[in-house]
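Produce the complete structure using the sequences and hints provided.
The sequence shown begins at 1 in UniProt numbering and counts up by one.
Don't take every hint at face value.
The following label-pair restraints were derived from C-beta to C-beta distances [as the list claims (entries may be wrong)]: (1) R5 to H25: 27 to 37 Å; (2) E50 to Q15: 50 to 60 Å; (3) R30 to A7: 28 to 38 Å; (4) I44 to I4: 57 to 67 Å; (5) P9 to Q31: 28 to 38 Å; (6) E47 to P81: 22 to 32 Å; (7) Q48 to P9: 40 to 50 Å; (8) R30 to I69: 39 to 49 Å; (9) E47 to K71: 35 to 45 Å; (10) M63 to R30: 46 to 56 Å; (11) E66 to A27: 50 to 60 Å; (12) E33 to K71: 35 to 45 Å; (13) P37 to Q15: 33 to 43 Å.
The hints are simulated quantities; they were obtained by calculation from the structure and are not laboratory data. Don't be surprised by glycine CBs; every beta carbon is placed ideally from N, CA and C.
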Amino acid sequence: MGGIRPAPPLATFNQFIMDQLRHDHQALQRQLETTTPEKEHFRIRCEQLETELEQIRTEHNQMKREFEIFKLKMQLNEQTPK
1 MGGIRPAPPL
11 ATFNQFIMDQ
21 LRHDHQALQR
31 QLETTTPEKE
41 HFRIRCEQLE
51 TELEQIRTEH
61 NQMKREFEIF
71 KLKMQLNEQT
81 PK
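Shown next, in the form of structure tokens:
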């Protein structure tokens, strides 16, 4: 036949595809087992950072209010006769 090999039987081809799919599935399963804890760690860290950011915003707003009060007191002090 001029060096052309005949195609393998369909059952052999199907078995090869099934073996390859099983191998790919196992590899993806291992990858998922690795990424799931990393994803959970990342989610927890994001929540921590959001909490810290909210605290910083609260402190910032408090400091802005205190600074405005301070400025008003300074203005009042400057206007008061000595």
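Hints, one by one, checked against the model:
For the pair R5 and H25, the supplied restraint of 27 to 37 Å holds, since their beta-carbon distance comes to about 30 Å. Roughly 51 Å separates the CB atoms of E50 and Q15, a value that falls within the hinted 50 to 60 Å. At roughly 33 Å, the beta carbons of R30 and A7 sit within the given window of 28 to 38 Å. Taken as a hint, the range 57 to 67 Å holds for the pair I44 and I4, whose Cβ atoms sit roughly 60 Å apart.
In this structure the hint that P9 and Q31 lie 28 to 38 Å apart at CB holds, the actual value being about 33 Å. Between E47 and P81 the C-beta distance comes to about 55 Å, which lies outside the given range of 22 to 32 Å. Distance hint for Q48 and P9: a CB-CB separation of about 59 Å, inconsistent with the stated range 40 to 50 Å. Distance hint check: the CB atoms of R30 and I69 are about 60 Å apart, inconsistent with the given range 39 to 49 Å.
The given range of 35 to 45 Å is respected by E47 and K71, whose C-beta atoms sit roughly 36 Å from each other. Evaluation of the 46 to 56 Å hint for M63 and R30 yields a pass: the beta carbon distance comes to about 50 Å. For the pair E66 and A27, the supplied restraint of 50 to 60 Å holds, since their beta-carbon distance comes to about 58 Å. Remark: the range hint 35 to 45 Å for E33 to K71 is contradicted by a beta-carbon distance near 58 Å.
Range check, P37 to Q15: about 35 Å between beta-carbon atoms, so the 33 to 43 Å window is met.
In summary, the structure is inconsistent with hints 6, 7, 8, 12 from the numbered list given earlier, while agreeing with the others.
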